[in-house]
Amino acid sequence: MQIMADNTSPKDLYDSFLAKFPLESLETMPLEVYTNTNHDSFCYWLESVADRLGSIWGGSAYKFGIYKCANLPVGMKGRMSDGEYAWYAKYGQTRDEAFSAVRRIVSDIARYAASGNFTAIDSIDLGTAVKWKIAFIYADFQLVGVFKHVMLAAGAESVGIDGSMKLSMSQLQQAVMAVKPANLDVFEYGEMLWHEANRILSSRRNVWLYAPGEAASNWETDQSTSTMALGWEAIDDLRQYKTKWDLTEILASEYGIDKDHSVSAKCCYDFVNSIQEGDIVIAKKGLREIIGVGTVTSDYRYDESQGEFPHIRDVEWDEVGTWPIDGRFRQKTLPQKTLTQKDYEFYSHVMALIKSKRMEKNESDPNIRLLKSKKQIVVQGAPGTGKTYLTAELAVRLCSPDFGDFDNRGKLMNEYRRLIDEGRIAFTTFHQSLDYEEFVEGLRPVEGEAGVRFEPQAGMLLSMATDAFFAAVKPGNHSLTDSIGFDDVEDSLVEDIKSNVFKGFTTKTGVKYGFPKISGQGNIRIKGDGESAPTYTVSFRRLRKLYDKFPSVKSLDEMGNIESAIRGVIGGCNVPLYWAVLKEILVRKEKHAQEVGVEYDAGSFRQELGEMDYRKKLALIDELVQADGADLDFKNADAYVMIVDEINRGNISKVMGELITLLEADKRIGETNAVTVTLPYSRMKFGVPSNLYIIATMNTADRSIGTLDYAIRRRFGFVSALSDLNVIFKYPFPSAEVRDAAESLFQQVEALMSRLNGSFKKSDMMIGHSYFLASSMDELQMKLEYEIKPLLREYCTDGILMLDRNDNGEYPDIDNLSFD
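Numbering follows the working numbering, with no gaps: position 96 of the sequence shown is 96.
Bear in mind the hints are in silico, worked out from the structure with no lab data behind them.
Being a predicted model, the structure only gives us computed values, none of them experimental.
Incorrect hints may appear among the rest.
The calculated DSS-like cross-link candidates involving lysine-lysine, where the alpha carbons are at most 27 Å apart (straight line), are [stated by the list, open to error]:
1) LYS783 - LYS762
2) LYS361 - LYS730
3) LYS411 - LYS337
4) LYS549 - LYS508
Now the in silico label distances, taken between C-beta atoms and shown as ranges [what the hints assert, rightly or not]:
5) PRO22 - CYS69: 41 to 51 Å
6) ASP40 - THR94: 38 to 48 Å
7) ASP246 - ARG369: 55 to 65 Å
8) PRO790 - SER744: 43 to 53 Å
9) VAL320 - THR94: 30 to 40 Å
10) GLU249 - ARG301: 16 to 26 Å
11) GLU658 - ASP326: 25 to 35 Å
Even for Gly, the Cβ is constructed at its ideal location relative to N, Cα and C.
Please build the complete structure, drawing on both the sequences and the hints.
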């Protein structure tokens with residue numbers, strides 16, 4: 001299986017996909033290459049490996065047309081399975097028929113995309129997101145990586161394309177590519193459009209509370225088919241009824257005139273006419289439980305093959321779980337109706353509820369509790385027990401406590417990579433040549449006019465520690481820099497607009513825009529001249545980026561070509577308006593400077609911090625610490641995590657030096673007994689902040705190196721990763737034959753562990769479960785011969801495993817291991 005490195009660029013990932021699945025190979029692609037359970041299939045690459053090229057997460061695997069799975073669904077109308085594969089019945093009655101149809105579709109999409117015939121893709125019968133991601137990959141950079149109609153339409157709107165919701169996907173793709181800024185590649189442009197779409201949709205989405213059948217009886221089907229569905233199957237296609245009264249009459253006719261059907265009629269009417277693509281759906285069970293949150297992704301359709309629930313809309317269910325409502329909600333119970341329109345505040349309460357429950361669950365995790373207490377742990381265990389696998393999960397739990405998809409390894413690793421890119425997580429491996437100069441601080445050669453000289457430089461831990469410290473600085477603190485913050489100017493302008501003190505903006509060419517408003521999301525809304533003139537939105541988030549790039553009126557006046565300069569920073573936008581608002585912000589900033597007699601620096605403090613020498617950072621840290629820490633809040637600061645693989649392979653005293661003392665939980669900056677030391681090269685004071693955590697791994701079976709000394713052990717908590725037969729039970733092996741062989745082999749090796757040297761524990765030495773996970777009998781045989789047996793022989797050589805040798809110096813007990 002090929003694994004892409006975390007730092008692989010989108011372009012390299014794109015090229016790797018084409019190299020693995022070239023266009024000409026798609027017409028003859030075997031079923032086991034298209035879909036399998038080994039994490040190397042076309043479908044897996046499309047959804048997971050290439051996720052950074054544009055997300056298609058969500059929904060069920062049926063979106064691929066046919067898929068291989070370990071646990072096949074049952075009882076789904078319109079779907080078929082044969083015990084190994086599941087597929088849509090519309091593609092064929094057997095797996096071969098279905099895959100033949102799906103493969104032809106996939107090949108057609110790729111060929112159309114490669115030739116630029118994007119219109120032909122609109123009508124192809126495959127999931128929208130899937131087919132447009134395939135098209136994106138084979139279109140030679142002629143499309144952007146946004147694959148859901150509602151998202152692309154909103155993204156198109158953000159770059160000034162009118163009537164975007166009415167355009168087809170091919171029309172939208174071509175429209176947004178026509179206005180792509182020259183300085184952005186398709187990957188950067190797609191990311192920009194996605195973020196802008198999220199911003200736009202969050203400001204206007206309707207919210208619907210929905211009951212998936214009585215006692216949520218249809219919820220399992222909704223999840224597996226990525227839909228929401230209504231009953232009332234007796235009244236056929238709802239689009240034939242033009243008014244709520246028409247629906248009331250037909251419901252009375254079919255379900256009895258002695259009942260009031262007005263509520264049901266409104267539900268049916270709203271389901272067809274009021275719900276829009278992009279709306280939020282919150283699923284409930286009974287009167288007190290939220291069970292899901294999703295986004296509507298299609299118009300209404302009628303499908304009589306669905307039996308009791310034939311009225312359908314597609315929904316991408318983003319959140320699935322069980323969350324009893326609490327005091328955040330106005331009422332103690334939820335409405336009884338099948339469909340109820342709610343406001344955005346209700347949605348905010350639901351998401352706050354989900355977030356808080358996830359955080360509570362994270363906080364109760366014993367490993368997280370240990371980390372919060374000790375600040376650093378060692379995950380120890382034999383080879384193959386999942387130590388490194390666990391470190392990624394723990395790091396995400398610390399840094400993103402409201403993340404909720406820990407059972408989805410693909411999503412977990414995407415979040416892990418995001419946190420690495422953000423600088424919140426760092427990874428290193430200890431080895432015997434690693435020293436203090438690399439890890440904490442050392443002298444490095446620097447070229448200057450007088451030749452090469454040596455200057456102090458921060459090592460990896462010191463760099464992360466300073467970043468972690470500044471994350472604890474309270475918002476609004478300005479003692480660190482002489483520049484007024486963007487937030488201050490924003491607050492001033494918003495207040496003046498709300499109170500009607502501020503009358504309008506003037507563009508560079510003198511066009512005036514009067515009487516702006518503040519939107520519900522806190523951005524500026526400006527209407528053009530004339531009855532039919534559009535209303536424009538100017539986002540403070542995007543203004544902040546411009547403010548950081550052009551921090552003075554002078555820099556704005558010297559901008560030159562404002563189109564290229566502004567679009568180069570924030571992408572597609574109404575450039576004259578953004579220039580006008582930024583000018584007002586900068587004028588206010590400099591006017592305030594004159595009033596208070598402060599000369600302001602060019603650029604925000606955060607920019608300065610990124611460019612600042614680490615010694616100046618340490619001086620600022622010392623200044624804040626000496627000021628009694630009043631401007632610091634470590635309790636609510638973002639967590640930072642240093643992952644150290646194979647910690648016992650390094651000379652710990654040599655690598656950490658005085659950090660041995662600073663690591664103790666009560667001696668961290670932010671704690672009562674905080675301790676600082678003077679660094680040997682920079683002569684600056686340094687302490688480890690309390691929001692920096694270390695997660696290390698240690699191989700307990702590796703006796704070629706020393707164990708950790710007591711000084712280190714006392715400062716670390718220890719978590720054992722054990723070899724677990726249950727992992728093998730749950731693994732999606734391709735057949736019962738391979739599963740049985742793996743289980744048998746595990747049990748044979750476990751039996752040999754009863755003959756360990758008395759100085760060793762079985763839990764420390766039992767070979768990990770990952771050695772027994774295989775996609776075929778051939779792979780399992782390879783693992784046995786070239787991984788398991790050599791490791792066991794090494795155990796014997798090192799005196800760990802006490803097995804008899806024959807006259808040839810061989811170990812019969814090891815050589816006789818087999819699948820029989």
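Hints violated by the structure (listed by number, smallest first): Violated: hints 3, 5, 6, 8 and 11.
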